[in-house]
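K.L.:
Listed in order, the protein sequences are those of chains A and B.
All residue numbers in the first sequence are consecutive under the working numbering, ending with 393.
All residue numbers in the second sequence are consecutive under the working numbering, ending with 260.
Calculated directly from the structure, the hints in this document are not laboratory data.
Hints are not guaranteed to be accurate.
[Unchecked claim] Examples of chain A residues toward chain B, derived with CB under 8 angstroms:
id, residue
1, Ile12
2, Asp17
3, Asn197
4, Ser201
5, Lys202
6, Ala216
7, Ile222
8, Ile290
9, Tyr293
10, Asp302
11, Ala305
Cβ coordinates follow ideal geometry from the N, Cα and C atoms, glycine included.
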Amino acid sequence: MIKSILKSDDFKLKNCINYIVVIIALVAFAVMQSTGSLKASYMNLLVQIGYSVILAVSLNLVVGFLGELSLGHAGFMCVGAYIGTFISIQLHTVIESKVICLLISMLCGGLLAAFFGFLVGLPALRLKGDYLAIVTLAFGEIVRTVFKNLPWFGKAMGLSTNAVKFTKKDFPLFIIVFITVIVVLFLVQNLVRSKHGRAITAIRDNEIAAKAMGINVTYYKLFVFVIAAFFAGVAGVFYGHYTTPVMYTFFSYNYSIEILVMVVLGGMGSINGSIIAATLITIINYVLQKELPGDLAALKFLIYALILIGIVIFNNAPVLAPLKEKLSIKGLISKLTAKNRKPEDILNDPAHWDKIPTKISMDEVLSTDIQQGNEYTPDKPVKGGN
Amino acid sequence: MSDIVLKTEDLGISFGGLKAVQNVNLEIKKKQLYGLVGPNGAGKTTVFNLLTGVYQPTTGTFYLNGEELKGKTQEQINRKGIARTFQNIRLFNNMSVIRNVLVGLHNQKEFRCNPFTSLLRLPGHYKTEAKMRERAKEILRIVDLEEERNNLACNLPYGKQRKLEIARALATNPTLLLLDEPAAGMNPHETEDLMRIVRKIRDDFDMTILLIEHDMKFVSGLCDEVTVLNFGTVLAQGTAQEALNDPEVIKAYIGE
C-alpha cells in the first residue's frame with residue numbers, strides 16, 4: 008500500500024519541484040528577514056508575488072483546466088478584500104493578535120467570495136465562451152461599484168485598513184502568504200491529479216463526450232468556479248492586510264485581464280507556468296513603477312506592453328521555436344539524451360509525430376510505412392455518414 | 005418477457021415540421037447483437053441521440069429493463085446503463101489512453117471518492133486510484149490497447165481510436181451498448197478484428213449491443229436481428245438475411 012502511494016504521481020520529483028522551490032524561497036527570505044537585510048519594499052513585493060500566484064493558479068483552474076473564460080477574477084478578490092478586511096478590523100477590537108485576525112478573516116473572506124462564485128456560477132455557467140466572459144466581466148464591475156457605494160466601506164475614499172495592516176513590528180506577512188501559496192498549490196494540484204481533475208479536463212476536451220460518460224457537467228463547472236473564487240477571496244484578504252486603503256479602483260477589469268495574462272503567458276493548464284508568469288509579471292510591474300530612472304518612468308506602460316508582446320511572440324512564433332527549444336530545460340535534457348536515440352526510433356514513436364517538421368520528414372514517415380508494407384489508411388471514413 | 009433489455013414504443017421526434025424519426029418500435033433481448041441500418045439521412049443516429057438523451061422524443065417513449073427513461077438527461081441515462089460511441093470520434097484528445105478509460109469509470113459505485121478525500125490526499129484516494137487503474141487496464145486489454153495506454157489519444161491511428169471509444173463506453177458499465185458506425189474507415193483486416201472484439205464483449209460481459217453500420221458484411225456477419233430505417237420510418241425488421249433481402253430495402257438502397 009505505502010509502496011504504491013510512494014510510486015504514485017504525487018511523489019515524482021517532476022510534480023514536487025514547485026513545492027520545493029517555494030519552500031526554499033520562503034526559507035531564504037525568512038532568514039534574510041531575520042538578519043534584517045530585507046528591505047521593507049521588497050517584503051511588500053513578496054506579498055504581491057504571493058497573492059498574484061494564488062490568483063493566477065486559481066484562475067488557471069477555470070481557464071486552463073475547465074476551459075471556460077472568466078474575466079471576473081478581480082471581482083472575487085474584491086469581495087475577499089473588502090469583506091475579509093472589514094471582518095478583520097472588527098475582530099481586531101476584540102483580539103489583540105493581527106495574525107489570528109488575518110487567519111479568521113482569510114477563511115471568512117474566502118467563503119464569502121466562494122458564495123458569490125456560487126451565485127454567479129449558477130446561472131452564468133449555462134453560458135459558453137464569450138458570453139460567460141461578458142457576464143463575469145459585468146460581475147466584476149458590479150461588485151466594485153457596489154462596494155464603492157456601501158456606507159460601511161469608506162465609499163470613494165476606500166476602506167482604511169490601518170488598524171490591521173501589517174507593519175515592520177509585526178510578524179512578516181510574506182511568510183503567511185507563502186505558506187498559503189504552498190497550501191493552495193497542494194490543494195489545486197491534488198484536485199487536478201485525481202478522478203475529479205480528470206472529469207474537469209474531460210469537460211474541457213469534449214463536453215458532449217463527457218456528458219455521454221455520465222459526468223455531471225454542471226456540478227463540476229460550479230465546483231471549479233467556487234473553488235477558484237474561494238482562493239481569489241483569500242488573495243483579496245492578503246491585499247487588504249498589506250496596503251491601505253482598499254480601493255475599489257484597484258479591482259477594475261484591467262486587473263482581471265492582468266491575471267488572465269499571467270495564466271495565458273504561463274500556459275493554460277500549467278500550474279508551474281502560472282507560478283513563474285505571476286512572479287515575473289509582478290516583478291516587471293514593480294521594477295517599472297519604482298525603479299525606472301527619470302524620464303523613462305513616463306514610458307512605463309509602453310515598456311510593460313512591449314515586454315508582454317515580446318514574451319508572447321517568443322512563446323508562440325514558429326520561427327523562434329528552435330531557439331526556444333534550445334533555451335528550455337526540456338530541450339537541454341533531450342539534447343543530452345538524444346545522442347542515444349536513433350532517428351528511426353523517433354519516427355516510430357507516436358509521441359514525436361507532431362514535432363517532426365512536416366516538410367521533409369512526412370515523406371520519410373510515409374516511406375518507412377511503405378517499406379514496412381503497411382497499408383495506408385485514410386483519416387476520414389470513405390463511406391458517407393449519417 | 006423479462007429478458008427484453010430495450011423497448012421503444014412509437015419513438016419519434018420532429019424538428020419543427022420535419023419528422024426526423026417516427027414510430028420506431030424496437031425490442032432488443034438480452035445478449036442480442038442488434039443492427040440498425042439504412043441509407044444516409046435515414047435517422048439512425050437520431051435514434052441513438054433519442055436513446056441517450058441528447059434529444060428528447062416528441063412522441064413515444066422507451067424503456068430500459070422495464071424502466072422508462074424518457075425525459076432524463078444524458079448523464080442520468082448513462083448512469084442507468086446506456087453507453088454509446090460516436091460516429092465522428094469524440095475522444096478526450098489531450099489525455100492519455102488510460103485516462104480516457106478512467107473518465108469512463110468515474111461514476112461507478114466501487115470507485116466513489118468525494119472531492120475532499122482527493123483534495124487532502126486521504127488514504128481513500130490512493131486506494132480508489134489504484135483500483136481504478138487496475139480496472140482500466142483490464143478493459144484496455146479486451147480491446148488490445150494495453151500497450152498503448154500511456155500514449156495520447158490523438159496520436160493513435162484511426163482504428164485504435166475507434167476501439168478506445170468502445171473501451172471508454174464499456175468502462176461506464178452499461179447494460180446496453182450503442183455503437184455508431186464502429187467499422188467506418190477501417191480496412192477489411194481491422195473490421196474482422198473488430199467483429200471478434202464485439203463478440204467477445206457480448207460474451208464476456210453479457211452485453212446487449214445495438215449498432216449502426218453501413219458495412220453489410222459486418223452487419224450480416226454479426227447481428228442476430230436488424231431493423232432497416234428509411235426517411236425516419238421502419239422499412240423492414242427481422243433477421244439479417246430476411247431484412248437485407250427485402251425488396252423494399254434493396255429499392256431504398258439501390259433505387260428501382
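K.L.:
All hints are to be evaluated individually against the structure, with a verdict given for each.
P.N.:
Here is what the structure says about each hint:
no. : hint   : result
1   : Ile12  : holds, 5 angstroms
2   : Asp17  : holds, 7 angstroms
3   : Asn197 : holds, 5 angstroms
4   : Ser201 : holds, 4 angstroms
5   : Lys202 : holds, 6 angstroms
6   : Ala216 : holds, 4 angstroms
7   : Ile222 : holds, 6 angstroms
8   : Ile290 : violated, 30 angstroms
9   : Tyr293 : violated, 33 angstroms
10  : Asp302 : violated, 48 angstroms
11  : Ala305 : violated, 45 angstroms
Of the numbered hints listed earlier, those contradicted by the structure are 8, 9, 10, 11.
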